[in-house]
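Fit chain B to the known structure of chain A by using the hints.
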Amino acid sequence: KQEVTQIPAALSVPEGENLVLNCSFTDSAIYNLQWFRQDPGKGLTSLLLIQSSQREQTSGRLNASLDKSSGRSTLYIAASQPGDSATYLCAVGGGADGLTFGKGTHLIIQP
Amino acid sequence: KAGVTQTPRYLIKTRGQQVTLSCSPISGHRSVSWYQQTPGQGLQFLFEYFSETQRNKGNFPGRFSGRQFSNSRSEMNVSTLELGDSALYLCASSWTSGLAAYEQYFGPGTRLTVT
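Which chain is which? The protein sequence lines are A and B, in order. Residue numbers for the first sequence follow the numbering used here, beginning at 1 and rising by one. Residue numbers for the second sequence follow the numbering used here, beginning at 1 and rising by one.
If we strip away everything but chain B, and leave its shape as in the complex, we get:
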């Protein structure tokens, strides 16, 4: 079974631009979560989607948004990029969501550099 895939793997953008990252979950998984990893803050939860609905969102500004498609693939978008948005963005998929929390599987990440 193929793992979680993320595209692109590396990205360089300029301040003020916007960016879209893509995540394809493991086949059969319906929950997709996004995390930001920086040296200073570590791993922080961005948001989770389940059945095309955002279930929860972490403490990030509205410039960070996402969506999920009917095939469970997900995208996240960051508008008006700032230097502090430079990070490794990780996507995780899980079979389901809610109280019966299942194991989360992570993709290789997208390394975003903002100059």
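Here chain A stands alone, though its shape is the one from the complex:
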């Protein structure tokens, strides 16, 4: 059974810092990996999708990497802003098997 772990569970940093969120998974036979953000009481917003054959994806200040062999992914956020405050979720799998989610990293960017 796939298990996804996200470290750290919570993170608070001053505005402007670059930061890295970590995600690890136990079964490397994944179709893809997707990073989401969730604001309090809201649904999930897709940030980046990495297909199993890819190593990284970039969108604006966000960069996500995938190392299937080691079962790891990182989400890099450059020049953090208060608006980046949210819970960040990593999910693996996809397709008919559904997504397996980590418990998330609760991120606070201090102004």
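Calculated from the structure, these hints are not laboratory results. Just so you know, these numbers come straight off a predicted model, no measurement behind them. Incorrect hints may appear among the rest.
Stated by the list, open to error - Below, in silico cross-link-like pairs of lysine-lysine (DSSO-like), each with a Cα-Cα straight-line distance of 30 Å or less:
#1 K57/B to K103/A
#2 K57/B to K42/A
#3 K13/B to K42/A
#4 K57/B to K13/B
#5 K103/A to K42/A
#6 K1/A to K42/A
#7 K1/A to K57/B
#8 K103/A to K1/A
#9 K103/A to K68/A
#10 K68/A to K1/A
#11 K57/B to K68/A
#12 K103/A to K13/B
Relative to the frame of chain A, chain B by itself:
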């Protein structure tokens, strides 16, 4: 293009009752998945529908069921509600299903409270 919509957004029910939640996917998307989110268990996969067929189901009791219509809209039903069913229920849509897994887009969720 309109996003995934879910109705109702909030719902309060009593133990023993049943409830039906609705999800309209992004236009052109044929796959709809449902997830339950609770503080203790996090996000858990309920089931996925593609072309009106249930493709897979997560580890939930038979009280949880769903269906998909020819226009790809989906409903999920929970019968004989229990207090533990209180959760945020999220629907996600994707262009297709199977090995070529595509990006999933989530709706705002339905907050169900069981009293």
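Hint check:
Simply put, K57/B and K103/A have alpha-carbon atoms about 21 Å apart, close enough for the 30 Å limit, and the pair holds. For the proposed pair K57/B and K42/A, the alpha carbon gap of about 24 Å is at most 30 Å, so the pair holds. Simply put, K13/B and K42/A have alpha-carbon atoms about 21 Å apart, close enough for the 30 Å limit, and the pair holds. Taking the CA atoms of K57/B and K13/B, the gap is about 24 Å. The hint holds against a cut of 30 Å.
For the suggested pair K103/A and K42/A, the alpha carbons sit about 16 Å apart, so the restraint of at most 30 Å is met. Pair hint K1/A plus K42/A holds up; C-alpha atoms about 28 Å apart against a cutoff of 30 Å. Among the hinted pairs, K1/A with K57/B is consistent with the structure: their alpha-carbon atoms are about 14 Å apart, no more than 30 Å. The straight-line distance between the Cα atoms of K103/A and K1/A is roughly 16 Å, inside the 30 Å bound, and the hint therefore holds.
A C-alpha spacing of about 20 Å is found between K103/A and K68/A, which places the hinted pair at or below 30 Å, so the restraint holds. The straight-line distance between the Cα atoms of K68/A and K1/A is roughly 16 Å, inside the 30 Å bound, and the hint therefore holds. For the proposed pair K57/B and K68/A, the alpha carbon gap of about 25 Å is at most 30 Å, so the pair holds. Using a Cα cut-off of 30 Å, the hinted pair K103/A and K13/B holds, with the two alpha carbons roughly 27 Å apart.
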